[in-house]
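**Q** Read top to bottom, the protein sequences are chains A and B.
161 is the number that the numbering used here gives to position 83 of the first sequence; each next residue is one higher, with no gaps.
1380 is the number that the numbering used here gives to position 243 of the second sequence; each next residue is one higher, with no gaps.
Since the hints were made in silico from the structure, they are not lab data.
Since we're looking at a predicted model, the values are computed, not measured.
Even glycine gets a Cβ: it sits at the ideal position worked out from N, Cα and C.
Just to be clear, a hint being listed does not mean it is correct.
[Stated by the list, open to error] Listed below are the simulated DSSO-like cross-link pairs for lysine-lysine, each with C-alpha atoms no more than 30 Å apart in a straight line:
1) A/Lys-268 to B/Lys-1308
2) A/Lys-386 to B/Lys-1398
3) A/Lys-399 to B/Lys-1375
4) B/Lys-1284 to A/Lys-269
5) B/Lys-1284 to A/Lys-275
6) B/Lys-1341 to A/Lys-227
7) A/Lys-386 to B/Lys-1375
8) B/Lys-1164 to B/Lys-1245
9) B/Lys-1398 to A/Lys-275
10) B/Lys-1284 to A/Lys-397
11) A/Lys-227 to B/Lys-1202
12) A/Lys-386 to A/Lys-397
13) B/Lys-1398 to A/Lys-359
14) B/Lys-1398 to A/Lys-227
[To be verified] Sample of chain B residues with no beta-carbon within 12 Å of chain A, all distances over it, derived:
15) Thr-1158
16) Arg-1185
17) Gly-1192
18) Lys-1202
19) Asp-1203
20) Asp-1218
21) Glu-1219
22) Ala-1241
23) Ala-1268
24) Gly-1300
25) Ala-1325
26) Leu-1327
27) Gly-1329
28) Lys-1335
29) Lys-1336
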Amino acid sequence: MPQGVLAFAEQVEGSFRKIAYEVVSEGRRLADALSEPLTAVVLGSGVEKIAEALRQYGADTILVGDDPALADYTTDLYTSVLAGVARQRDPRLFLLGASTRGKDLAARLAARLNTGLAMECVALELQERTLVATRPIFGGKVVARVALKGTPQMAAVRPNVMDIVETHTEATVERLAVDGGQTRTNVVEKKGEGAAKVELTEADIVVSGGRGMGGPDFSIVEELAEVLGAAVGASRSAVDEGWRPHADQVGQTGKVVSPNLYIACGISGAIQHLAGMGSSKYIVAINKDSEAPIFRKADYGIVGDLFKVVPAITAEVRKIKG
Amino acid sequence: MEIVVLLKQVPDTEATIQIATGGTTIKTDDIKWVINPYDELAVEEALRIKESQGGGKVTILSVGKDRAVESIRTALAMGADEGIRIDDPALEGTDGLGTARVLAAALKQIPFTLVIAGMRAVDDDGYLIPAAVAEFLDLPQISMVVKQEIREGKIRCERMVEGGTDVVEAKLPILFTTQRGINEPRYASLPGIMKAKKKPLQTKTLADIGIAPADVGQENAKCVVQALSFPPERAAGKIIQGETAEAKAAELVRLLREEAKVL
Chain A
79 MPQGVLAFAE QVEGSFRKIA YEVVSEGRRL ADALSEPLTA VVLGSGVEKI AEALRQYGAD
139 TILVGDDPAL ADYTTDLYTS VLAGVARQRD PRLFLLGAST RGKDLAARLA ARLNTGLAME
199 CVALELQERT LVATRPIFGG KVVARVALKG TPQMAAVRPN VMDIVETHTE ATVERLAVDG
259 GQTRTNVVEK KGEGAAKVEL TEADIVVSGG RGMGGPDFSI VEELAEVLGA AVGASRSAVD
319 EGWRPHADQV GQTGKVVSPN LYIACGISGA IQHLAGMGSS KYIVAINKDS EAPIFRKADY
379 GIVGDLFKVV PAITAEVRKI KG
Chain B
1138 MEIVVLLKQV PDTEATIQIA TGGTTIKTDD IKWVINPYDE LAVEEALRIK ESQGGGKVTI
1198 LSVGKDRAVE SIRTALAMGA DEGIRIDDPA LEGTDGLGTA RVLAAALKQI PFTLVIAGMR
1258 AVDDDGYLIP AAVAEFLDLP QISMVVKQEI REGKIRCERM VEGGTDVVEA KLPILFTTQR
1318 GINEPRYASL PGIMKAKKKP LQTKTLADIG IAPADVGQEN AKCVVQALSF PPERAAGKII
1378 QGETAEAKAA ELVRLLREEA KVL
């Protein structure tokens, strides 16, 4: 009989991503609902020390696959190690984070284990021990509730959505035997963007610019983002114009973000953009056109010249942050 | 080089989506259907690889109803050589894993060195099928690629990950998925459209690719839609008044601190 919850805690370069705590916290909540144990699993090289941190988020057992071959994420090796864990431990539920690597991994695992997977989930619940996931589809225009079948029932949760809850445990840490095996894809180089850059999908605050920016100079948006500790985003038209890289695009064909605060500067609010940020907790819109559709979604709107308003907000935030 | 592109027809991203009676599917009439934008990138990348390798063949493979012919023809008009569409009444209600099994079975009948697909389809946002196809064919995968280079039987891909870019290498054959930024898809030219009409486009049933109807369909789905709904409507909020930009900014920051409590 499958039993318990398995939660994959993603780490990169020896640090957990925020999503790792979100996945383990959500795993704890579901394990409690089932009255079954939560097992967290960490893969990497030299990660045994950091793994203990998962005791703070409610893991009953922490499995560590610590091997130089796991230093970089590779689909083949991560899949084979985790498929082995799933087969041996036979969990009822298997949760992962829907980060870039997490989605690659979850999809391959679901196929290997021949089981149901819901991707980019924003809520999970149990219906008589069956996992039911809520996930946006059509880029957020529609919300689907899907029931998972198979063993384990798998879900990859969207970053920045699940609450991080501290629950202290005395979890034991167990080492997994890792058989290096064959990896057919090899990471030959990693180009970092610098630690200062806030990842869009993980940011608490996002400041985005659109067509109203009028050109590639996003300095006023970047300055506001900097004082807020926010990530910088862009609308599709700003990206199509070549003003910003594709990695910054928020929308149905870009990244979907769910920050506490989303500040849209000079973005009219095309349906495909709204799809990518509509689940933000608070939305602020700054636009010179009072009829712009974005104002119908915004909690707070300012009709005006963004080149005056945005620097004024930056100055105001600086004042309060001293 | 022989390249297969996995293509899905989806509603245009500007389309308004309505939920059909029954509440588990969407209304499909009055929708403008297009090639999934990420698959369009895959078609373009396949064509560029074929051109740079000085030859080969690009085959479009799609699971879809009659209307999907139009999207396959568009890909042929862009320059792909041949289309294969899998259609069968037994496919109704098939989930992502089932569809991946169908695509994998069809791929077993096509010679290829590369399989390229969009990193996700913008309708069900499943992110599952390409990886599952790779798994069923025991192929390595590299997902969300923004740049690739093929040399001497090896591919080198850049993929965007949180906080940076990974450069990944693998030997061919492989499946990779395309992310925005990899290219700007060409438009089909008028001569291209004319030529596309004469290019081979076959339709295959499940029997043709050796899949039993019992292996697909709603009955075998491991991911079952219970209900569709619309996200809660956001009520329009306050338009902040003020004489100057500074006054409006000050009021906004006050509201964000005191009312929303997000600063």
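**Q** CA of B/Lys-1398 to CA of A/Lys-227, is that 30 Å or under?
**A** 41 Å, violated
**Q** Tell me if the straight-line CA distance from A/Lys-227 to B/Lys-1202 falls inside 30 Å.
**A** 26 Å, holds
**Q** May I ask you to check that B/Leu-1327 keeps its beta-carbon over 12 Å from the closest beta-carbon of chain A?
**A** 24 Å, holds
**Q** Holds or violated: are the alpha carbons of A/Lys-386 and B/Lys-1398 at most 30 Å from each other?
**A** 24 Å, holds
**Q** Does A/Lys-227 sit within 30 Å of B/Lys-1341, going by the straight-line distance between their CA atoms?
**A** 29 Å, holds
**Q** Taken at face value, is the distance from the CA of B/Lys-1375 to the CA of A/Lys-386 at most 30 Å?
**A** At roughly 20 Å apart (the allowed maximum being 30 Å), B/Lys-1375 and A/Lys-386 satisfy the hint.
**Q** Run the C-beta distances from B/Ala-1325 to all of chain A and say if the shortest one exceeds 12 Å.
**A** Holds, because the least Cβ-Cβ distance between B/Ala-1325 and chain A comes to about 19 Å, which exceeds 12 Å.
**Q** Minimum C-beta separation from B/Asp-1218 to chain A exceeding 12 Å: can you confirm that?
**A** 27 Å, holds
**Q** Going by Cβ atoms, does B/Lys-1336 stay more than 12 Å from chain A at every point?
**A** 28 Å, holds
**Q** Test the statement that B/Ala-1268 is away from the interface with chain A: the closest C-beta pair must be farther apart than 12 Å.
**A** 3 Å, violated
**Q** Assess, step by step, whether the Cα of B/Lys-1284 is no farther than 30 Å from the Cα of A/Lys-397, and give holds or violated.
**A** Given that 30 Å is the threshold and the Cα spacing comes to 43 Å, the pair is violated.
**Q** Should the label of B/Lys-1335 as a non-interface residue stand, given a Cβ cut-off of 12 Å to chain A?
**A** At about 32 Å from chain A, B/Lys-1335 clears the 12 Å cut-off, so the statement holds.
Going through the hint list in order, the structure does not satisfy hints 8, 10, 14, 22, 23, 24.
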